[in-house]
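A.B. asks: Please model the entire structure based on the sequences and the hints provided.
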Amino acid sequence: MRKNVLVRSIAALSGIVMLAGLAACGDNTASTSSNGSSSSATKSEPVSGDFQGAGASSQQAAVEAWIAGFQGNNPDAKIAYNPSGSGAGVSTFLTGATAWAGSDKALSDDEVSQSKAVCASGAAFDVPVYISPIAVVFNLKGVSDAGKHINMDASTIAKIFDGKITTWNDDAIQSQNKDLKLPATPITVVHRSDKSGTTQNFVSYFKDAAPNDWSYDLSENWPNSVGQGAKGTSGVISTVQQADGTIGYADFSQVGKLGTVAVKVGDSYNEISAEGGSKVIEDSKLDDTATGENRVVVKINHETEAKGAYPIVLVSYMIACPAYKDAKNAEFAKSWLTYVTSDDGQKAAQDAASSAPLPSSLTSKITKSIEAIKTK
Amino acid sequence: MSSQDTPVMQPAGGKTADKVFKGIAYACGILILVVLAAVFLFLFFRAWPLIGGDQSANSATISSFTGGKTNSFWGYVLPLLFGTVLVSILALLIAFFISIGIALFISHYAPKKIATGLSYVVDLLAAIPSVIYGLWGGLILVPAIYPFWNWVATYLGWIPLFAGPAANPQRTVATVAVVLAVMVLPIITSMSRDIFLQTPTLQQEAAYGLGATKWEMIKLAVIPFGKSGIVSASMLALGRALGETMAVLMILSPGLTYSIKLLQASQNQTIAANIAAQYPEANDLGVSTLIGTGLILFLITFVVNYAARKITEKASV
Amino acid sequence: MAEATKKKNLDGAPVIDFDKFRPTRSSENSRKRKDLFMTGLIGLAFVIACIPLVSVLWTTIVNGLKRLNLNFLSYNMTGVVGGNPTPSGGYGGVVHAIIGTLEITGGAMVISIPIGIMCAVYLVEYAHGGKLAMTISLLVDVMSGIPSIVAGLFAFSMFTIVFGPGTINGIEGSVALSLLMLPTVVKSCEEMLKIVPNDLREASLALGVTKQRTITKIVLRTALPGIVSGCILAIARVIGETAPLLMTAGYISSTNVNLFSGQMTTLPVFVYQEYSKLNANCPVHATSACVPTIPMERAWAAALVLIIIVLVLNLIGRLVAKVFAVKTER
Chain L
1 MRKNVLVRSI
11 AALSGIVMLA
21 GLAACGDNTA
31 STSSNGSSSS
41 ATKSEPVSGD
51 FQGAGASSQQ
61 AAVEAWIAGF
71 QGNNPDAKIA
81 YNPSGSGAGV
91 STFLTGATAW
101 AGSDKALSDD
111 EVSQSKAVCA
121 SGAAFDVPVY
131 ISPIAVVFNL
141 KGVSDAGKHI
151 NMDASTIAKI
161 FDGKITTWND
171 DAIQSQNKDL
181 KLPATPITVV
191 HRSDKSGTTQ
201 NFVSYFKDAA
211 PNDWSYDLSE
221 NWPNSVGQGA
231 KGTSGVISTV
241 QQADGTIGYA
251 DFSQVGKLGT
261 VAVKVGDSYN
271 EISAEGGSKV
281 IEDSKLDDTA
291 TGENRVVVKI
301 NHETEAKGAY
311 PIVLVSYMIA
321 CPAYKDAKNA
331 EFAKSWLTYV
341 TSDDGQKAAQ
351 DAASSAPLPS
361 SLTSKITKSI
371 EAIKTK
Chain Y
1 MSSQDTPVMQ
11 PAGGKTADKV
21 FKGIAYACGI
31 LILVVLAAVF
41 LFLFFRAWPL
51 IGGDQSANSA
61 TISSFTGGKT
71 NSFWGYVLPL
81 LFGTVLVSIL
91 ALLIAFFISI
101 GIALFISHYA
111 PKKIATGLSY
121 VVDLLAAIPS
131 VIYGLWGGLI
141 LVPAIYPFWN
151 WVATYLGWIP
161 LFAGPAANPQ
171 RTVATVAVVL
181 AVMVLPIITS
191 MSRDIFLQTP
201 TLQQEAAYGL
211 GATKWEMIKL
221 AVIPFGKSGI
231 VSASMLALGR
241 ALGETMAVLM
251 ILSPGLTYSI
261 KLLQASQNQT
271 IAANIAAQYP
281 EANDLGVSTL
291 IGTGLILFLI
301 TFVVNYAARK
311 ITEKASV
Chain U
1 MAEATKKKNL
11 DGAPVIDFDK
21 FRPTRSSENS
31 RKRKDLFMTG
41 LIGLAFVIAC
51 IPLVSVLWTT
61 IVNGLKRLNL
71 NFLSYNMTGV
81 VGGNPTPSGG
91 YGGVVHAIIG
101 TLEITGGAMV
111 ISIPIGIMCA
121 VYLVEYAHGG
131 KLAMTISLLV
141 DVMSGIPSIV
151 AGLFAFSMFT
161 IVFGPGTING
171 IEGSVALSLL
181 MLPTVVKSCE
191 EMLKIVPNDL
201 REASLALGVT
211 KQRTITKIVL
221 RTALPGIVSG
231 CILAIARVIG
241 ETAPLLMTAG
251 YISSTNVNLF
261 SGQMTTLPVF
271 VYQEYSKLNA
281 NCPVHATSAC
291 VPTIPMERAW
301 AAALVLIIIV
311 LVLNLIGRLV
321 AKVFAVKTER
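Protein chains in written order, with the numbering used here: chain L, 1 to 376; chain Y, 1 to 317; chain U, 1 to 330.
Note that these hints are calculated values from the structure, not bench results. Fair warning: there could be bad hints in the mix.
Some but not every residue of chain L turned toward chain U, in silico, with C-beta under 8 Å [claimed, not checked]:
(1) D27
(2) A68
(3) N82
(4) T92
(5) T95
(6) V143
(7) D145
(8) T233
(9) Q241
(10) D351
(11) S354
Label pairs and their in silico Cβ distance ranges [claimed, not checked]:
(12) L:Y216 with U:I161: 17 to 23 Å
(13) L:T291 with Y:L41: 35 to 41 Å
(14) U:P165 with L:T291: 23 to 29 Å
Glycine included, C-beta positions come from ideal geometry on N, C-alpha and C.
C.D. replies: The following block contains the structure:
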């Protein structure tokens with residue numbers, strides 16, 4: 001019987017080994033070589049090696065496209081991105097285990113000073129790489145399923161999400177939508193239940209554009225107990241889909257067939273669009289409280305009156321060092337960030353995640369920061 | 001199994017082998033103590049900044065977790081604890097009787113052939129990952145169960161537990177308890193079935209011989225025999241329910257109150273789901289706070305299990 | 001029937017007024033009614049339980065079959081962008097997650113099953129209710145209550161302290177899972193060992209067999225089917241764990257076969273990550289081959305693969321139990 005066990009375990013082991021051997025050829029090769037071919041002329045020699053990043057899950061779809069595009073130019077580079085979350089991503093980056101971090105918020109002063117221990121010289125910097133409009137989605141019989149938008153100004157949205165407006169045919173909503181016949185369905189607010197950069201960006205819109213109707217402090221957690229909470233963008237979307245009269249907020253690319261709110265900007269109501277997101281950022285200034293070399297942090301101008309702008313946006317950053325202890329990482333980080341912020345990179349993200357392209361007003365500053373990464 | 005590798009073949013070496021074997025067994029027993037101590041120490045070590053660190057920074061962290069609703073650790077953890085216990089107890093209540101029923105059905109009622117098939121299915125169901133229950137609960141059950149809970153809220157709303165109006169969609173404690181009950185059901189069933197099947201045939205025949213009906217036989221012979229097994233199965237199930245993360249995370253609309261309105265959304269949250277929801281975006285101090293809540297959960301399971309152990313000891317005397 | 005035989009057998013006994021002891025008709029009927037009622041209740045419990053369980057399985061199978069094909073099983077997720085098909089005509093696959101699941105769970109088995117069985121042996125065979133054994137057995141109960149996420153945090157902090165910060169690899173996940181498996185293994189083995197009749201032990205010892213051989217050859221063998229099914233239950237508990245693996249084993253889209261270095265994706269984590277993506281974006285100019293709902297379809301298909309793996313494990317376990325089972329009269 002002892003022999004039996006031995007034979008069996010050997011058989012099982014060899015089975016696993018065989019499986020492992022089979023697995024090595026599971027890669028989908030060169031799927032997007034056409035995607036990034038045009039920029040390859042300007043590139044220096046291709047980067048090779050294993051590189052890791054971690055951070056914001058909001059960037060995941062875009063990063064997947066970037067990895068595919070980047071590998072089109074650098075076929076020997078293996079890149080892994082763990083969408084573990086902004087906080088976890090930055091913590092991991094600060095231990096030196098990853099080459100870059102993705103984050104929905106800029107570094108804090110504390111984190112900047114901590115990064116000095118990880119970078120070979122200088123402190124880490126952040127550059128915006130991913131701008132995504134946040135849609136206010138709703139599910140209302142007769143409106144959203146007919147493909148219609150609802151017009152709202154900032155104060156109305158804030159009041160709805162604060163539980164002050166509780167039915168869809170409330171005067172505040174009806175008066176802005178003269179051509180719609182709104183039902184008396186009660187409003188169910190759906191918000192994120194997890195800590196999230198999307199929530200913070202969404203709420204900061206209220207803080208700026210409707211300060212009188214939003215008394216809560218800025219935070220990544222939803223501040224009141226109105227309505228229902230759901231985990232992640234996917235949770236919010238599926239909750240909104242499940243019942244009539246729900247309203248929530250989510251990444252533009254996840255909207256699907258749900259209705260979206262057209263937000264009042266200046267005197268007109270603007271529907272959500274990628275270009276609208278870019279316009280706000282174009283109309284925004286850099287955040288001068290973010291001190292530190294090479295940092296590019298956007299202070300979103302929620303009160304913009306630019307034509308066609310959509311003011312509720314999420315700006316997501318990549319964090320890197322100006323100099324790395326490992327020369328390979330430096331070379332990679334420079335090449336990677338250059339690709340990500342290039343027109344090709346932004347185009348790939350736009351296709352994969354409906355993100356808004358970086359406005360040209362920012363790209364020159366971003367390029368300057370990336371150029372500052374010391375290689376060799 | 002590994003233990004089969006240890007025997008020394010020559011009978012002469014039997015004594016040494018005996019000693020070695022005994023030593024390994026003792027070491028493994030003691031290892032449990034070591035591991036548990038390690039878990040406690042590591043958690044405590046990671047949670048230390050919560051106690052020994054800068055208190056104002058801690059309050060700021062907790063306040064950021066709760067959106068400014070509270071800034072003390074206990075104000076944060078106690079509602080979570082309440083939610084955890086509420087959800088798990090409800091789940092266990094729902095699952096317990098049903099699974100004992102199924103276990104008896106398999107062991108004593110169903111024809112032998114069907115029983116074998118059924119017990120196989122139960123083992124399989126125990127292995128369905130929580131993330132699948134989460135998917136199923138969040139996408140299929142939540143809309144499907146609304147009419148039922150709405151009915152309950154309308155006609156049984158005078159019971160505080162079922163106070164209406166029922167939230168729509170039903171991302172509530174009641175729904176989560178149902179999903180958790182479904183999750184722990186195969187665990188209790190599988191373990192108690194194994195025990196029931198082991199009931200000595202002699203005792204069963206004796207009960208029949210006294211003229212007992214089938215149910216009386218079960219009451220007289222099977223249940224007393226399986227009691228400790230049932231309790232330990234339930235404890236395993238409670239353990240899983242207390243620590244269940246993904247299903248709760250994906251279904252429940254959380255809140256931080258002591259409410260027992262099972263059919264309303266945003267009332268309670270469990271510790272485990274809260275850790276999973278907050279961990280990815282938490283900074284170092286935030287992780288310490290979350291590990292602090294994990295430590296509390298750990299201690300609570302200690303107390304619950306200790307109490308359960310004492311109860312069974314008394315009952316079995 | 002039992003009553004009739006009783007009567008016959010007692011014919012020659014001293015005269016007792018049996019009518020005094022005969023159950024009255026009403027009590028007899030109420031007992032019968034109760035029996036019927038309980039039979040109904042037990043049957044009902046079974047039916048009630050079937051509804052959600054069947055629904056879970058049905059949903060997974062129906063949704064999972066849509067994308068479950070050879071391509072899905074032979075590729076990983078590298079180079080998969082949005083809803084676009086890969087050059088091989090598929091939409092990415094789970095081969096990396098299958099390998100991750102098998103290796104990490106295998107690692108957890110290797111750690112926890114030997115320890116668990118030996119601990120149960122200690123509890124049942126060596127420590128006859130001593131104080132230490134009582135404590136250990138109590139702590140095993142407590143351990144079974146360790147929330148999976150805490151086990152994840154424990155493994156995470158242990159590895160970051162021992163191997164440096166930011167360590168994420170497969171074996172870290174195995175450690176977290178083995179912490180969850182261990183109590184299940186110990187408890188089910190303990191129950192099974194307790195059930196082995198004492199006669200067997202005594203007979204073996206009386207023949208001069210050493211205690212160690214008695215345990216390995218007689219006790220463990222007799223209990224083997226139960227132990228195997230207990231271990232399967234323990235594996236079943238951990239193979240679907242998501243939360244601890246999210247923080248210990250990480251997530252990667254390419255295949256990693258090295259348990260000791262680099263991140264590893266497991267099937268449950270894969271399911272969760274795909275669910276988190278929910279929809280893939282298809283740009284306006286995309287061809288009809290672009291499927292916007294592909295992440296959810298992948299999630300269900302991966303869930304189905306996971307269930308199938310568990311099914312196969314179960315089959316193997318049953319076979320092992322059958323081959324080793326000692327024939328006893330029941």
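A.B. asks: If a hint holds in the structure, say so; if it does not, say that too.
C.D. replies: Status of each hint after checking the structure:
no.	hint	verdict
1	D27	holds, 5 Å
2	A68	holds, 5 Å
3	N82	holds, 5 Å
4	T92	holds, 5 Å
5	T95	holds, 4 Å
6	V143	violated, 21 Å
7	D145	violated, 18 Å
8	T233	holds, 7 Å
9	Q241	violated, 10 Å
10	D351	holds, 4 Å
11	S354	holds, 5 Å
12	L:Y216 with U:I161: 17 to 23 Å	violated, 38 Å
13	L:T291 with Y:L41: 35 to 41 Å	holds, 40 Å
14	U:P165 with L:T291: 23 to 29 Å	holds, 26 Å
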